[in-house]
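K.L.:
Sequence:
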Amino acid sequence: MPSTSGSPATVRTSGRIGSNSFAQAVTAGAAHESDDEDQIVIDLAPANTLGSALVNPVIKSTPSERGKVTFETAPSIKGKERAGDDSATTAELVQDTEMSLSFPALSASETATKHATQTRKVAIPPHRMTPLKKDWMKIYSPLVEEAGLLVRMNVKRRAVELKSSKHTPNPPNTIMQKAVDFLAAYCLGFAAEDAIALVRLDDLYVETFEVKDVKTLHGDHLSRAIGRIAGKDGRTRFTIENVSRTRIVLADSKIHILGSFSGIKIARDAVCQLILGSPPGKVYHGLQNVASRNRQRM
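With my numbering applied, the sequence shown corresponds to residues 1 to 298, in that order.
One thing to keep in mind: the hints can contain errors.
To be verified - Have a look at the derived ranges for each label pair, beta carbon to beta carbon: (1) E146 x T119: 14 to 22 Å; (2) L201 x A159: 19 to 27 Å; (3) G219 x A197: 33 to 41 Å; (4) K232 x A291: 19 to 27 Å.
These aren't lab readings, by the way, just hints derived from the structure by calculation. Glycine is no exception: its CB is placed at the ideal position from the N, C-alpha and C atoms.
Let the hints inform the model, and build the full structure from the sequences given.
P.N.:
In structure tokens, the structure reads:
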């Protein structure tokens, strides 16, 4: 038996591996097929150089791989202990890092929000270009004086361009959005005096719906429904606006309502009743009841 200490020794056997030789291969080395198919070379190496125990030897019996011996290795216990030590060390480092992350309190000047300059563009439809030229000062003045925005009209692109400045009150995001809503409401057909309330007041909204959303009407039936909403000389529309404290714009088959949440609900219910065919007198009676309840609440 060759010595297993020092350099690996080689044992050459002919034919199949005997039981003794096979045991030596399992405990001390690995078997490899030599150039001669009838011989199997077993390398015997010291146990401390293998690194892990060899288990479950498998001898392949296919014609092309005849005589090859492979071994499945099991992970060493030292490797597991090292993995456990590494994970414990990592957890300790993370815990120490979390405990060391302590930041001092910020001063008032440091906590002051610094917003970047914002720009927005609002496209103007062609049919509102002429009214915009007439009401330009009514639109330009409140945006510059009250909102502190930089405003200009881009005639080539047919758009109003807005830009925040150092005079814009905080938060500039809200002021910019209110200015955009104001211009959008003006483009829908609201007067500048009514639409400017979106900049000066909170909790004001614009709701848009079409006649076909309530009832599908065509031809003369659609025209009569729009006529019932407007009334003679606009009296029905004015009555709904005064009771609900809203503003209504009739743009063909589209209806735009500007006001508070509760006011929009009252106006929408009245308009829907007129679209469904209720006579104006019945709608007036319902609006009177609503007005009386509002006076009692006040």
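K.L.:
Any hints this thing doesn't respect? Which numbers, in order?
P.N.:
none
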